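Listed below are the residues making up each chain.
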Amino acid sequence: MTKYHPDTRFISDFAAGSLPMSQALCVSAHLHYCNECKQKVVQLTDLGSTFFDKITPMSLNSDFSSLMDRIDSLPKEMDDDSNVDIALTSNVSPSSLPSALNKITNNSLDSLNWRKIGKYFSYSEFNIGDPLRKTSLFNIKAGGNVPKHVHEGDEITVVLKGSFSDQDDHYQAGDFIVRTSGEVHTPVAAQDEDCLCLSTLDAPIKMTNWFYRLLLPFVRRTAQTA
Amino acid sequence: MLQLMQQKEPSNSKDPARWNGLLLAVAKDKDRAAFQHLFEHFAPLIKSYAFKVTELSKAEILAEELAQETMIKVWMKAHTFLPDKSSAGTWIFTIARNTRIDLIRKYSKQWEASNNEFDESTLTADDIWPDQNDDVYKQIETSHIKKKILESINELPLEQIAVIKIIFLEGLTHSEAASQLKLPLGTIKSRVRLALQKLKLSIDV
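First to last, the sequence lines map onto chains A and B.
Numbering-wise (the working numbering), the first sequence opens with residue 764 and increments by one.
Numbering-wise (the working numbering), the second sequence opens with residue 6 and increments by one.
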């Protein structure tokens, strides 16, 4: 049973479509396990569309016939129903991963490039076009722990399989956990099962080396203004 | 004569059921006349919706492009519209929202700098934001939600409406809204929460 949910701020920014891609991926992963939040998103989307109905219209530069010309010039297979149908009907069974992650992992976790840190912890980072955040899947072996670390920025973690504990609580599939900058934590996976999580981090994990520490603010500022 | 007139200008052109009917005609028969009605009503709304994202230098191009791309998707995906799950208006809004997300990403400097190509493996908005709710609600319930929203929306204080508009139409996050309005993040959060309470949406606050 999911205990930790995204707050109203995350849910409404998600429904409005403004949440950065990596954080939206985390919310959508949570929705895979949580009908309650799914309902909230539906309600908020209705709220958005109510305002959309009342927006002041803006006339187009092009007319209807030029749109139809564009449609008629599309390759036939694009106008074909089959592609969309597959996407729509491929129902994911509740035990499997959220569909967006299946796309990222190409339906195979083994095909990812996993990097190991210590005996129990491995992670695989992927690029979803959000340069301000690091997004990755990580796995903690049953009974193992994550090396102690401090975060420089906010981190969202969503448990996908298995469970883990830290000093505060025990987290299970679907739980959406937000850790703010400066918090120290040492997650430990349950004894009987590996724990797979999705996580996105606003800024890199704090380095202990003084040189990197001096360099980091510049790196981040450049990324933001780029 | 009367019939002809009714056909030309339905008694209530804002009637949501009318949009559902037109969209279903596009789905079933690729009905171009029905599609033209949808286009004339929705495309200018979509263009305006895109134009709200003002910080982009290419806002005008993006707005025009968004209106067209969204309507193309409406045409192509019409057969996937489930009238018992959603209303045509909400469905078109979600398509516009998702298309806007991808277009803004494509036009963003960050994306250009990252040298990524938009291809089949690129995660798109549709992968993350569903354009239709699956089993969560029946349409009868969502139309009930919309009714509730419409009933109480005029009772909202202006400052709450302003924040809701910025978040849902202008595509700003809570934090961005806070810095644009020069208000603390906590104030934005509480205005959204108060508005949702007033609208009696079953959102935990």
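Everything labelled a hint here was simulated from the structure, so no lab data went into it.
Since the structure is predicted, the reported quantities are computational estimates derived from the model, not experimental observations.
Mixed in with the good hints there might be a few duds.
Below 27 Å or equal to it, Euclidean Cα-Cα: the simulated DSSO-like pairs (lysine-lysine) are [stated by the list, open to error]:
{"#": "1", "chain 1": "B", "residue 1": "K78", "chain 2": "A", "residue 2": "K817"}
{"#": "2", "chain 1": "A", "residue 1": "K766", "chain 2": "B", "residue 2": "K187"}
{"#": "3", "chain 1": "B", "residue 1": "K90", "chain 2": "B", "residue 2": "K33"}
{"#": "4", "chain 1": "B", "residue 1": "K111", "chain 2": "B", "residue 2": "K205"}
{"#": "5", "chain 1": "B", "residue 1": "K57", "chain 2": "A", "residue 2": "K924"}
{"#": "6", "chain 1": "B", "residue 1": "K57", "chain 2": "B", "residue 2": "K187"}
{"#": "7", "chain 1": "A", "residue 1": "K817", "chain 2": "A", "residue 2": "K866"}
{"#": "8", "chain 1": "A", "residue 1": "K897", "chain 2": "B", "residue 2": "K90"}
{"#": "9", "chain 1": "A", "residue 1": "K866", "chain 2": "B", "residue 2": "K57"}
{"#": "10", "chain 1": "A", "residue 1": "K911", "chain 2": "A", "residue 2": "K924"}
{"#": "11", "chain 1": "A", "residue 1": "K817", "chain 2": "A", "residue 2": "K879"}
{"#": "12", "chain 1": "A", "residue 1": "K924", "chain 2": "B", "residue 2": "K78"}
{"#": "13", "chain 1": "A", "residue 1": "K817", "chain 2": "B", "residue 2": "K57"}
{"#": "14", "chain 1": "A", "residue 1": "K866", "chain 2": "B", "residue 2": "K152"}
Agreement of K817 (chain A) and K879 (chain A) with the hint, judged by alpha carbon distance not exceeding 27 Å:
violated (53 Å)
Compare the distance between the alpha carbons of K911 (chain A) and K924 (chain A) with 27 Å, and conclude whether the hinted pair is satisfied.
Answer holds: K911 (chain A) to K924 (chain A) is near 21 Å, not above 27 Å.
Please work out if K897 (chain A) and K90 (chain B) have their alpha carbons no farther apart than 27 Å.
violated (36 Å)
Given the hinted pair K866 (chain A) and K152 (chain B), is their alpha-carbon gap at most 27 Å?
violated (37 Å)
Within a Cα-Cα threshold of 27 Å, do K766 (chain A) and K187 (chain B) meet the stated pairing?
violated (34 Å)
Are the Cα atoms of K78 (chain B) and K817 (chain A) separated by 27 Å or less?
Measuring from Cα to Cα gives roughly 22 Å; hence the hint holds.
Pair hint outcome, K817 (chain A) versus K57 (chain B) [Cα-Cα no greater than 27 Å]:
holds (14 Å)
Does K33 (chain B) lie within 27 Å of K90 (chain B) when you go C-alpha to C-alpha?
Roughly 17 Å between the alpha carbons, so the hint for K90 (chain B) and K33 (chain B) holds.
Does the structure keep K57 (chain B) and K924 (chain A) at a Cα separation of 27 Å or less?
violated (40 Å)
With the threshold set at 27 Å, check whether the alpha-carbon distance from K111 (chain B) to K205 (chain B) stays at or below it.
Violated. K111 (chain B) to K205 (chain B) sits at ~37 Å, over the 27 Å cutoff.
Restraint check for K924 (chain A) with K78 (chain B), where alpha carbons must lie at most 27 Å apart:
violated (35 Å)
27 Å limit on alpha-carbon distance, applied to hinted pair K57 (chain B) and K187 (chain B):
holds (19 Å)
Hints 2, 4, 5, 7, 8, 9, 11, 12, 14 from the list above are not met by this structure, while the remaining hints are.
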